[in-house]
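2 protein chains.
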Amino acid sequence: MSASRPQRIALIGLGTIGISMAALHLSRDSNIVDVFDTRPDFEDYIFKMLPNYMGQIPSLSSKQNPDARPSTSLVTSLVSSGRLRIHSTLESACASATIIQEQGPENVDWKQSIWAQVEAVAPPSAHLWTSTSGIAASTQQLQMRNKTRLLVVHPFNPPNIMPLLEIVPARGTSPERVEFAREYFSISGSKHRPVVIRKEIPGFVGNRLAFALLREACYLVKEDVVDAKDLDTILMASLGPRWAGNGVFESYQQGGGEGGIRAFLEKLGETMQNVWDGQGRVNVLGDEGTEWKEKVIAQVDEAYGTLSAEQIQEKEARLKDFVRIQTKKYTPEGPEV
Amino acid sequence: MSASRPQRIALIGLGTIGISMAALHLSRDSNIVDVFDTRPDFEDYIFKMLPNYMGQIPSLSSKQNPDARPSTSLVTSLVSSGRLRIHSTLESACASATIIQEQGPENVDWKQSIWAQVEAVAPPSAHLWTSTSGIAASTQQLQMRNKTRLLVVHPFNPPNIMPLLEIVPARGTSPERVEFAREYFSISGSKHRPVVIRKEIPGFVGNRLAFALLREACYLVKEDVVDAKDLDTILMASLGPRWAGNGVFESYQQGGGEGGIRAFLEKLGETMQNVWDGQGRVNVLGDEGTEWKEKVIAQVDEAYGTLSAEQIQEKEARLKDFVRIQTKKYTPEGPEV
Chain A
1 MSASRPQRIA LIGLGTIGIS MAALHLSRDS NIVDVFDTRP DFEDYIFKML
51 PNYMGQIPSL SSKQNPDARP STSLVTSLVS SGRLRIHSTL ESACASATII
101 QEQGPENVDW KQSIWAQVEA VAPPSAHLWT STSGIAASTQ QLQMRNKTRL
151 LVVHPFNPPN IMPLLEIVPA RGTSPERVEF AREYFSISGS KHRPVVIRKE
201 IPGFVGNRLA FALLREACYL VKEDVVDAKD LDTILMASLG PRWAGNGVFE
251 SYQQGGGEGG IRAFLEKLGE TMQNVWDGQG RVNVLGDEGT EWKEKVIAQV
301 DEAYGTLSAE QIQEKEARLK DFVRIQTKKY TPEGPEV
Chain B
1 MSASRPQRIA LIGLGTIGIS MAALHLSRDS NIVDVFDTRP DFEDYIFKML
51 PNYMGQIPSL SSKQNPDARP STSLVTSLVS SGRLRIHSTL ESACASATII
101 QEQGPENVDW KQSIWAQVEA VAPPSAHLWT STSGIAASTQ QLQMRNKTRL
151 LVVHPFNPPN IMPLLEIVPA RGTSPERVEF AREYFSISGS KHRPVVIRKE
201 IPGFVGNRLA FALLREACYL VKEDVVDAKD LDTILMASLG PRWAGNGVFE
251 SYQQGGGEGG IRAFLEKLGE TMQNVWDGQG RVNVLGDEGT EWKEKVIAQV
301 DEAYGTLSAE QIQEKEARLK DFVRIQTKKY TPEGPEV
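Residue numbers (the numbering used here), protein chains in the order written: chain A, 1 to 337; chain B, 1 to 337.
To be clear, the hints were calculated from the coordinates, so they are not data collected in a lab. Watch out, some of these pointers could steer you wrong.
Each pair may be met inside one copy or between any two copies, as identical chains are not told apart.
[What the hints assert, rightly or not] With a Cα cut of at most 27 Å, we get these calculated DSSO-like pairs of lysine-lysine: (1) Lys199 / Lys295; (2) Lys229 / Lys199; (3) Lys48 / Lys199; (4) Lys199 / Lys293; (5) Lys267 / Lys328; (6) Lys267 / Lys199; (7) Lys48 / Lys315; (8) Lys48 / Lys328; (9) Lys315 / Lys329; (10) Lys147 / Lys191; (11) Lys222 / Lys293.
Since this is a predicted model, take the numbers as computed values, not measurements.
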C-alpha cells in the first residue's frame, strides 16, 4: 500500500515524543490514530496534553492558524469522529494498524518484549517503527520471528518543529519497508525531512555529530579556554546560523572558492590537523577523563538555571522561524513576502 | 582612549576579509580608515570592490536600506571627505592610526615581518590586531620589542554578516588592550558579538568545534553510513537550527528537563560514551587515515558543483535572516512585527 494513502497508526507509549507523534499523524485528515499507554490516568492525560501539540502542527489540508492552540474540544471531536481511539490493551490498539510506532522507555528488555508482543497481535503487513535514540532495530527485534519489519524512525526534539527523522533499518529490514517510511514522512505539504541511514551505528548520525562537538566543548571548558556560556555564544554567533542554512560540506565547498572543498582542505589542512591531533578525549562514564562534569554542570546551571515555560515557548517560536526560513525563496530584488 | 570614541584604523591587506573589515569600520560615521595593500591595481580595486560590502553593513547612525548596494560614488565621497584614505606605503597608512589591523597571508614569516615593520612606524599607543585564523599572537610577535600590544581578532566568514569575533590575546597582551577590542566591537548598534578566548589554542574555539564535527562527518562518509549530501541535510534539519537559537550547553540543559544537563548526561551517558569511544580518527595530512578525502571531495563536487553568484547571494540573504531572528523578541501573543 502506498504511504501517501490514509494510514491507521497505533502509538505505544505516549510521553512527550509519543504525544507529539500523535499530533503529527493526526495532522493528516484521513489518518486514524490508536493510542495505548499503561499510565493509570491515560484518557485524562490525552485530553489535557494533546491540544498543546495539535496547534503546533498545522493540518496539511486546511489553512488554520498554526499558532492557535486548540482546546480539549478538538480532542472530543477527534474521538467522536473515530479519528483518535484511546485503548486500554495493546491487542486492541494494534488490531487494525497499518503502522505501529513505539516511544517507550529506552531499555533493551522493554523494547525486545514489546515487539515480541506486538508481533503476536498485529496484522502481518503492519509497518513497525521505533523512535529510539540509542537501541538499534537489530537489537530490539531479537525475540521476533520475522526480522524484516522493524526499523528506527528517530525524531529530533521537539519533533513537532524539527524537520529531521533518521530512518535506520537493520541489515535484514526489507527495502520496501524503508522506502515506505521515507515516503510517508516526505508527503507533499509535510515540513519533515526524512533521511535513510545506511548502517546501524551508535547515536546514528545526528547525535554522533552533536556529541563530537559536545566532547570538544566539554574539553575547552575543562581547560579554561572559555566558559560554558561564552562557548554557547560562539556557537550561536557563527556555526549555528551557518549550519542552519548550509551543511558542513556545502559550507566548506563554498569556503574553498572556485577550488571547492579540495582547496579548502589544502588551505586549512595544517590548522585542521593540529586541531584534530589535540582534540579533547574526555569521557562521560568511568573514572578517568570525567573531571570536567561538575565544572560544566555548575557553569551551565549558573548561566541558565531552569528554563521557564515562557522561555521555552519563546525558543520554540524562534526555532519555527529558523525552520521556516530554510525553505523561503529569495528573489534578486529582496526576500519574497 | 575609550573604544566608543572615533577611531582611525589602518588596514593592511585588503583581500575579502580586509574589504569587509573596511566596510565594517566605515559604518561608524566618525571613523577614518587608512588602507594599504601591495597589489598594483590597489586604488581601482578598492573602488570596484568596496561598494559590494558597504551596502551590507548599515550605517550605525542612519536608517538607510541595508539591502541597497551603494555605487562607486560612495567611495568617491568617502575619499573626498577624508574618511577613506588609500596609501601606497605602510608608513603613511600607519602614521596616525589608533588601531592597526592586518588581514595578510596566513604565513608565519609574513606576519612576523609585518609586525616588526609596523612597530617601527606606528604610534606607540596604537592597538595591533591580526585577523588570522591559525597563527597565534604569541608567534606573530616574536620579532617585536613590545609584546603587550598584539592580539587576534578572528572574524567568521562572511564577517559583514557573521556576528562572531574571537578575541585571542597572547599571554603577555595587556588586559586593557583586550578590553578595548571587546568594547570596540560591542558598541551600541553593532550586530557583532565579540568573545574573549582565555588561552591560545590551535583553531581557537569556533574552528575547533567545527573541525570536531567535520572529522566525524568525514568518518561517517568514509564508512558509507551516509553520503555527504544526506549528512548536510541531517545537520540542517536538526543541529543547525537548534544551535542557531541555543548553544550546545543550553540545549542539553533544556533537554534534561527539570534535572538540567546533569540529568541529560545521566540519561544519555551510555549512548554518548559509546559514540565517543567509536569516534572517527581520520586525518587530513599524512599518509594514514586520509583515504576519505577523495570520496568526500567527489561526493561534495557532485552534490554542489561550484556555487553561482546568485546562489551565494541567496545564502547570504538567508544567513542575514537567521542572524536577525536571533535577536528578535517574541511576545506571548505572537512574534513582534
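Results of checking the hints against the structure:
1. Lys199 / Lys295: Between. Shortest inter-copy distance 18 Å satisfies the 27 Å Cα cut-off; intra-copy 36 Å does not.
2. Lys229 / Lys199: between (35 Å within a copy, 16 Å between copies)
3. Lys48 / Lys199: neither (39 Å within a copy, 51 Å between copies)
4. Lys199 / Lys293: between (31 Å within a copy, 20 Å between copies)
5. Lys267 / Lys328: neither (33 Å within a copy, 36 Å between copies)
6. Lys267 / Lys199: between (32 Å within a copy, 24 Å between copies)
7. Lys48 / Lys315: within (22 Å within a copy, 42 Å between copies)
8. Lys48 / Lys328: The answer is neither: 34 Å in one copy and 31 Å across copies each exceed 27 Å.
9. Lys315 / Lys329: Answer is both: 24 Å inside a copy and 10 Å across each meet the 27 Å cutoff.
10. Lys147 / Lys191: For lysine 147 and lysine 191, neither the intra-copy (31 Å) nor the inter-copy (55 Å) Cα distance is at most 27 Å.
11. Lys222 / Lys293: Result: close within a single copy only, 8 Å intra versus 32 Å inter.
In summary, the numbered hints that this structure violates are 3, 5, 8 and 10.
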